[in-house]
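K.L.:
Each chain, written out:
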Amino acid sequence: MNDFLNSTSVVPEFVGTREIGDTIGMCIPSVDPTLLDQLHITKKYSVLGILSARSGAGPQIMAMDEAVKATNTEVVDIELPRDTKGGAGHGSLILVGGYDPSDVRSAINVALDNLSRTFGDVYNSAAGHLELQFTARASGACHMAFGAPEGKAYGLICGAPSGIGVVMADTAIKTAGVNVLSFASPSHGTSFSNEGMVHISGDSGAVRQAVIAGREVGLKLLAQLGETPVNDFPSYIK
Amino acid sequence: MNDFLNSTSVVPEFVGTREIGDTIGMCIPSVDPTLLDQLHITKKYSVLGILSARSGAGPQIMAMDEAVKATNTEVVDIELPRDTKGGAGHGSLILVGGYDPSDVRSAINVALDNLSRTFGDVYNSAAGHLELQFTARASGACHMAFGAPEGKAYGLICGAPSGIGVVMADTAIKTAGVNVLSFASPSHGTSFSNEGMVHISGDSGAVRQAVIAGREVGLKLLAQLGETPVNDFPSYIK
Amino acid sequence: MNDFLNSTSVVPEFVGTREIGDTIGMCIPSVDPTLLDQLHITKKYSVLGILSARSGAGPQIMAMDEAVKATNTEVVDIELPRDTKGGAGHGSLILVGGYDPSDVRSAINVALDNLSRTFGDVYNSAAGHLELQFTARASGACHMAFGAPEGKAYGLICGAPSGIGVVMADTAIKTAGVNVLSFASPSHGTSFSNEGMVHISGDSGAVRQAVIAGREVGLKLLAQLGETPVNDFPSYIK
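Protein chains in written order, with UniProt numbering: chain A, 1 to 238; chain B, 1 to 238; chain C, 1 to 238.
Treat the hints as calculated values from the structure; they're not laboratory data. There is no bait here: all hints are sound.
Note: identical chains are not told apart, hence a pair may lie in one copy or across any two.
Calculated cross-link-like contacts (lysine-lysine; reagent style DSSO-like; alpha-carbon spacing at most 30 Å):
| id | residue 1 | residue 2 |
| --- | --- | --- |
| 1 | Lys174 | Lys43 |
| 2 | Lys174 | Lys152 |
| 3 | Lys43 | Lys220 |
| 4 | Lys44 | Lys220 |
| 5 | Lys69 | Lys152 |
| 6 | Lys85 | Lys220 |
| 7 | Lys174 | Lys44 |
| 8 | Lys43 | Lys69 |
| 9 | Lys44 | Lys69 |
| 10 | Lys238 | Lys174 |
| 11 | Lys69 | Lys238 |
| 12 | Lys43 | Lys152 |
| 13 | Lys220 | Lys238 |
| 14 | Lys174 | Lys220 |
| 15 | Lys238 | Lys152 |
On a predicted model such as this, the values are computed, not experimentally measured, just so you know.
Turn these sequences into a full structure, and let the hints steer you where they fit.
P.N.:
Printed below as a string of structure tokens:
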């Protein structure tokens, strides 16, 4: 999977795309005030950055988490469409606000650049998928989307079909002493996706160990549905 | 895309189909009273017309808007499944009521015939879609589905993945002085579809101009995700 | 369609899979207490059985209904993701609780074995699907998922796209004297699936007759969208 070559920005709002997840990044330097009133955002910035994808929510949220750490911007909206183009999960719509268009464009570029890392532990098969995420220090995107305490280690352990995520969560939590923030399932904390997903927080080493244990059991279970799950980019959680 | 040839109505309720959107039209001349009590309709007509599709909500709603203008029928329910067969949008279930089965059948036929027009500004690519709609005079279907004031010009500007719809909305509103009725996104005003969508009303010329401007920027942005978006029927908004 | 051969249980929680619906069955003999607190279950059993599928909710629920009748277990959660891999319906996540892991494993195996029966009246075409279910004596799964009175005959009559389900429901109810429990549609009683679905109860013969009448009209209507709908397993409702 390679990035697209977008040598010419055909409209001023365009920032960039990535093939993975059909992800597009944009920036509106001065949002129309009547539109701003209609958007569902936590704070009304007139400079808005937009990261939008058909497939993937966790990877884009984790990528944006790095982006807001690295720039003078703030996450103001995260919405999870039930998408993935026939798959079991979510797409994503993430809005960030800032005071300067160059800051916001920079945040969107940082997020786009992080996707090849944050998709590293997304494993797909014909029957479903697994997603693992880890950060040693959660920031605004993880806080808004998953209730992660900022500044602490955060981990996401997800399996689809959703029952696999229940077993992954159980295994992960038993492996290391972590705080269970919440468990999301088709009717709770998702947009009716077919995912079981536990959000954990705590000591960095324990969170990482729990995520790795969840991944191990998830890969074995999903493989029982006929195909070995594969990731499109190298795993980053080691 | 051609219509199916349905020379024989195999059941009395059948009215017709269109290949576009897998759309089927039906009419129940006398609904069972116990079923009528369980349907979620605004007014209990015992003669019900049904327009139902796997793909497309806006096109079917706009087509039904013309149908209720042209016949003695009333829209009593509009529901938006999260469908489109793996795409980013909605299917539709629209119920109309009337006093005479011939009126209701006529309404369903008018709606089916309008689909080749109202799908004219739906543009698809592998990565997403755009939808534009315009009417100089909104009627009951646009009012129920989108909050459009009846008798006034109404426009719909929609992009998927949803972030593209945010930029389309901003461009459209800046182009001409229109009333912004609402902005719909994955978590607000949709059934978790991956669409960003602005509903506008106002002077006919201004609404049309705004819709055209939204379309122009949407086509350029969606094309950045790899494929030129194409429509299955000729554009009707000029 | 054949079952997979899972000669080796790679993890202790694994029970079995079926190719139909990408269905997987698992059992956790002693759920972590902190996870148990986060699950959305009606009663906190520490022995949990899990039946999870990408495609199909009715078939898995009916299969589990037999399983809880046959074993000392109880249904504690039923969730319906909007899935079916691009189709118009649901997947499923069903949790059962028990006091003994061997009871729970047995329940999951009974449910898996019933799927080739309960998928017998699921008919698919490129444009949509139909689902019919019937039991002479509803138990806990039908009660939790559909509000069926336990111990009485229960029937499910479902069509997609959803408008077909409206006509199927009307025909079914007019055929025989049954109690209409509810009518589910994209915005009511589903997870935004494109299904129209009536739940009925009453005298066993009447319920069966109504289900068969709904099936007959549904097959004719769905065929009008271009393809004859087919079932993957033999019909069981006769």
